[in-house]
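S.K.: Sequence:
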Amino acid sequence: MATKLGVAEESVRRWRRKVQVDAGERPGTTSSEHAENRKLKREVAELPRANEILKSAAALFAAKFDGPAAKRSPASVCVAIGACLTNAQLR
Numbered sequence: 093m094a095t096k097l098g099v100a101e102e103s104v105r106r107w108r109r110k111v112q113v114d115a116g117e118r119p120g121t122t123s124s125e126h127a128e129n130r131k132l133k134r135e136v137a138e139l140p141r142a143n144e145i146l147k148s149a150a151a152l153f154a155a156k157f158d159g160p161a162a163k164r165s166p167a168s169v170c171v172a173i174g175a176c177l178t179n180a181q182l183r
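Number 116 in this note's numbering belongs to position 24 of the sequence shown; there are no gaps in the numbering.
FYI, nobody ran anything at the bench for these hints, they're computed from the structure. Keep in mind it's a predicted model, so treat the numbers as computed, not measured. Among these hints, one or two may not hold up.
Unchecked claim - In silico DSS-like links for lysine-lysine, alpha-carbon gap of 30 Å or less:
no., residue 1, residue 2
1, Lys110, Lys133
2, Lys131, Lys147
3, Lys96, Lys110
4, Lys133, Lys147
5, Lys131, Lys110
Sequences and hints are given; from them, build the entire structure.
M.R.: Here it is in structure tokens:
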């Protein structure tokens, strides 16, 4: 069979084992489980980067609002949070 396909016999054996695992006839990690594991590993690898971004954002936000309230004008608070309410909206 392998010679007809022009591939090594070991390749055919691996393909057969993979089909058997996917069909549940043989123990092992199925193709879909393998794909899910790869996806999850990529996501886990991204988590430290996301955490660093969040830490930086939290530090920046905290620095913006640290210190006495007198230092902060209502306009600077509005700019920092990205929105302002008028006096009429507060009532």
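S.K.: Name the hints, by number, that the structure is in violation of.
M.R.: none
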